[in-house]
Structure formats: structure tokens, C-alpha cells
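Starting from the known structure of chain A, fit chain B onto it as the hints suggest.
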Amino acid sequence: MTETPRSESSLSVQAPGRGTGRSRSERPIIFDVQGLAVNYGDFTAVAGVDIDIRQNEITAFIGPSGCGKTTVLRCFNRMNDLIETARVSGSIEYHGVDLYGEGVDPVEVRRRIGMVFQKPNPFPKSIYDNIAFGPKIAGFKGDMDELVEQSLRRAAIWDEVKDKLQDSAFALSGGQQQRLCIARAIATSPDVVLMDEPCSALDPIATLRIEELMMELKEDYTILIVTHNMQQAARVSDRTAFFTVDVGDTGMRTGRLVEFDDTDKIFVNPSEQQTEDYITGRFG
Amino acid sequence: MVSTPRSAGTADMVRASISGRGSRKGGKVFEYSLLASLMVALLFLAILLADIFRQGLGVLFDRGLDFVTSPLSLNPETAGIWQSLTGSVLLTILVALIAFPIGIGSAIYLEEYAPDTRFTRFINTNIRNLAGVPSIVYGILGLTMFVTFTRSIGLGGGVNGRNMIAAGLTLAVLVLPIVIITAAEALRAVPNSIREAAFGVGATRWEVVRYHVLPSAAPGILTGTVLTLARAFGETAPLLLVGAATGFFTTGNAGLLEQTTGPYTALPVTVFSWARQPDAQFRELTAAAIIVLLVLLLTANAAAVILRNRFERRW
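In the order they appear, the protein sequences are chains A and B.
Residue 40 in the working numbering sits at position 39 of the first sequence, and the numbers go up by one each step.
Residue 309 in the working numbering sits at position 300 of the second sequence, and the numbers go up by one each step.
No lab work stands behind these hints, which were simulated from the structure alone.
Any given hint could turn out to be false.
Not close to chain A: a few residues of chain B, all C-beta gaps over 12 Å, as computed [to be verified]: (1) V23; (2) K37; (3) A45; (4) I102; (5) I203; (6) V210; (7) R214; (8) E216; (9) V217; (10) S225; (11) F242; (12) F258; (13) G264.
Where chain B lies over chain A, by a calculated footprint (3+ residues, C-beta under 8 Å) [said to hold, decoys possible]: (14) 132-146; (15) 229-239.
Residues of chain B clear of chain A, computed beta-carbon distances all greater than 10 Å [unchecked claim]: (16) Y41; (17) L43; (18) L52; (19) L99; (20) L106; (21) L139; (22) I149; (23) M154; (24) L231; (25) L249.
Each residue gets a CB set at the ideal place from its N, CA and C atoms; glycine is no exception.
One chain only, chain A, in its complex shape (with noise of 0.2 Å):
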């Protein structure tokens, strides 16, 4: 390893906190998040979040429970909007737009950024009409057929349900729900991917499939996940934001950045101690 300044590893190594070097820093950021806060009433869920986020990458969050990653999640498709007492503070820039500025439409953004859910939650209706919702409400006037066909092929489920297109989503599996739930996110054609949890509910051979799904949708979308499982963040993701949750003098539980930086760094060589205790398995 060389003194030089050009040196990508060792570049990455003295910028922590900001994960660069390698050919992906390339990546075009599409998503800056500056001071990124979010309370629920007098309660600050979260606070002192700076991340940004690079095209076609998987981004992790990771963290113990009550960390508030989750939260920051939903700041991206601004689906804290439904819950009345959430207020958001900071700025979320997606493609240089303040996602909480004036005259911003929550509707066209969660369009762009789809959603994959904790628990998979299938519409009660059939498997076609699950994929073709999206498309239908936004307008989309070509061959609805053909997208339905494309979208579950994509999330990898079209060969077990094409004869059953028809049928209750209800029907599936678990882990098919949950393909189901992805091809309905990218059903719509968007830029990004959320994942909140998407395999906590599912057995590992499901969980499995659901990974090497992500890995192929990365070539097409940005997709960023939360998750429990520490080994699925070093597998799956190229960049890993671990959280942490700061216990106040009257009880109240803030959670905070801790450190962002490369998966293989977090996970081999992480800059702070917390990190690495909690990735050891020391805390949490």
C-alpha cells in the first residue's frame, strides 16, 4: 500500500463516516440527507442523521431495536406523513429536491420510491390485480398484461404463479408474498427500492431468495434495507449505516448515526467502538 493520496482503499480508510474509495463511490449520489431528524410530539425518535445514498447500490441500516432506522426509512417516501405526530426535520435531497420542500407531491414521490414492507402485505385480492394497482392509478396506458408479466418475472416469481394469476395473493407462501410485495413495488417503475425488514418474517430459504433477488434489482434500482440481521447486511449490501440508541437523563430514547461507511469496513475494520461491539455481538 502506497502514501499517495490516489490510493482508493487507503482513501477510504481516513474518510470514515463517509464510506468513498472504491469504483463505486463513482456512483452518482441521488439522495443527500443532511441533519436528518424526526420527533413524534415532544419525542425525538431519531436525530443527527448524514448519509447519502449512491445509485444502484444497497444501502443497509443497522442497529439495535428502537434505533429509530425504520423511521429513517419511512423519511424517504415521505410515509411519515401518515402518522399525524411525526415531524421530520433536516433535508432529504433526492436528485438535488428537498423531498420535504414546498409544493413537493408525496403521492408522485412514493411513485419513485417504492416500498417493501416488514410483514408482506399482499392487497386481499388477486395476484394480477396486486401488480396492476400501482401502474392503473398512475396512469399507465400500455400492455398491462405484458407489465404484470414482467414484474413478478423480475421479482422472481412469475414461473409459481403464472397459472394462478387469477387467485387470492392470499394463497402464497409467506416468502411468495413477499416477491409479490417486491414486484408490486417495482411494478411502477421506480428509481428506488425501500426495504423495511422484507425477510424478518420468513424462513431462511425464503430469506435466501430474497437476497439474490436484491442483488440482481441492484443493477436496476437503488435499494436501501433495514435489517436485523447483521449477516444479511454484510451479504447483500455495499454500504452499511449502523444506528444506535442513546438512553436520556429522563428515559427518553434518541437514536443516532454511529458511523456509515463501506459493508466490508463496518463489518472488518468499523472506525468506532460502539460499532464494533454491537457487530461482534457485545451489545444489543
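Okay, now just chain B, sitting in the frame of chain A:
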């Protein structure tokens, strides 16, 4: 080796404790007293029904459909319940037309749109209170408001506004809180994950409600509201105040629409007025009318159940 005697001791203890105890007496006593209270409740109902059927079935068997299709009359030999039956059915349709859109609309607003403020909670609490207000109070409201209203818009007919329109409005207001409560409960039962899923693919609030929440809540809303109609169908007291005829009257050959502005009555009101007649024959007619009323109510409830099952099977 140390453990052997101890485990033998444990085994003896377990054997002794799980066998040879018989049943627990306290529990049995409790069980039988619960059964007894159920029996008492059912007994009264059975006696009541048996008495009604004993008195009323004769009339229904002797006169058959004639009893249903004959007009009201002072002569017990020919008196029937035609105007009461049509009156009740028309009234129920009116109530449904008025109360359902307003009630379900209010419920959707309260559950899906209204912010959770102190004001909203205040409204919700008061809707629950309104559902408990005695129906005679609604009758007085109907008399002072809707009768005047009906008269003032020129639909008073020959009865100064004390007609079916005023009665329909009164009963609609009476059942409105119950419609709102049952519809709101059905909406609340729709899992939030469905809303999130729909919002997540870029649906507007209206699209979420229209395509996901309402279809999911429809069976519950339907059952609840049909049951409210059954309540309106059986209501008597407020109708007495807003002019339901308690005696003989004729509708002549007036059409259905004209009947809504003229004199009217309803099945429970007829039951009430016949029950006050001294003539023993009218007592039998009363029982027969009650049987018709009960059959209609049970049919409505059965319809609610069938509709719910039909809707639920779709997904």
C-alpha cells in the same frame, strides 16, 4: 444414583396429585349457575313466543295472505296490515336512503381523513352518547323539526307535514349514530398494512379508501347497517309523535309516492294500536301482526349474514 430416590418420590407425588381427586366442585357449581341464567333468559323468550304464536297462528292460517293484503279496518273480521306493511317498507327504504350515505360518509371522514384532535375525539364520544338517547326524544325532535320542515317545503300533504317524509327523516336521525359507529368499526378493522401498501405504490388517500379500505370494510359496513335498518323497522315511539296513524285510515288508490305525503302507519304502530283494542279478536290480530314483524326482522338479519358471507368469500 442420588437422583433416583428423589425422582421416585416425585413420581409418587405426581401420581397422587393428578389422580383420585375427582372433579372440582366449585367450578361445576359456577358452570351450572351460568347455564341456569341462560335457561331463565331463554325460558322467558320461549314463553313470550309460544304465547304469540298460540294467539296469532290461527289468524294467519285462517286468512293466509288475505291478512297481509287487506287494508286496516275497524272490523276485526276483515282487518289486515297492508298499509302498515307497505308503510314500514317504504319508511325503511327512506331511512336507508337518508341515513346510509350520510352515516357511512361521516364514518369514512372520521376514520380515514379527520386528524386525531381533541375536537375529533369529542365528536366521537358524542356520537356514542347520541346512540344511547331514548327514541322518544328523537320523536320530539322529529315533531319540532322535520314536521315543520316537511310542511315548509310544501310536502305537508293533507296531514300538515306529519307524514312519512318527516317520519323517515326522524328515524334516519335516530339510527344515524349507530350507522356511523358500526361503519367506523368496520373501517377500523381494516388492517393498516393495507393502507400502507396502497400509499406505498403511490395511491392518493382517495384511491386508498376507494380501492382498498372500502372494499375490505364493505362486508362489515353492510352487516352493521342492515342491522340498524332492522332497528328502524321495529321502532314505534318516535313514529307516534310524528303522526303515524293509530287507527283506521284509507290510502284509497294513491300511488306509492303520494303515500309518502299522506297519512301513513307502520307495522309496530299497528301492533301498538291493536293491542289497545278491547276486542279479543284484535288480540289475535295483534299476535299475527307481531309474527309478521318478527319474520321480517329475522329475514333482514339473515340477509345481513348472507350478504356478509358472500362478500367475504370474494377474497
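Under a C-beta cut-off of less than 8 Å, do 3 or more residues of the stretch 229-239 of chain A approach chain B closely enough to confirm the stated coverage? This one is violated; 0 residues, fewer than the three required, reach chain B with a Cβ under 8 Å.
Quick one: work out the minimum CB distance from S225/B to chain A and report holds if it exceeds 12 Å, violated otherwise. Violated: least Cβ distance 6 Å, not greater than 12 Å.
12 Å cut-off, C-beta based - V23/B kept clear of every residue in chain A: V23/B clear of chain A: closest Cβ-Cβ about 38 Å, beyond 12 Å.
Nearest-CB test (12 Å) between chain A and V210/B: 3 Å, violated
Could you let me know if the closest chain A CB is still more than 12 Å away from the CB of A45/B? 44 Å, holds
Could you check that no beta carbon of chain A comes within 10 Å of the beta carbon of L106/B? 29 Å, holds
Non-interface claim for L231/B, where every Cβ of chain A lies beyond 10 Å: Fine: 16 Å to the nearest Cβ keeps L231/B off the interface.
Is the Cβ of F258/B farther than 12 Å from every Cβ of chain A? Correct as stated: the minimum Cβ-Cβ distance to chain A is 51 Å, above 12 Å.
Cβ separation check - L249/B to all of chain A, threshold 10 Å: 46 Å, holds
Taking 10 Å as the cut and beta carbons as the points, is Y41/B off the interface with chain A? 43 Å, holds
Against chain B, does the stretch 132-146 of chain A show at least 3 residues with beta-carbon separation below 8 Å? Answer holds; 4 residues pass the 8 Å Cβ test.
Are all beta-carbon distances from I102/B to chain A longer than 12 Å? 31 Å, holds
The structure shown violates the earlier hints numbered 5, 6, 7, 8, 9, 10 and 15.
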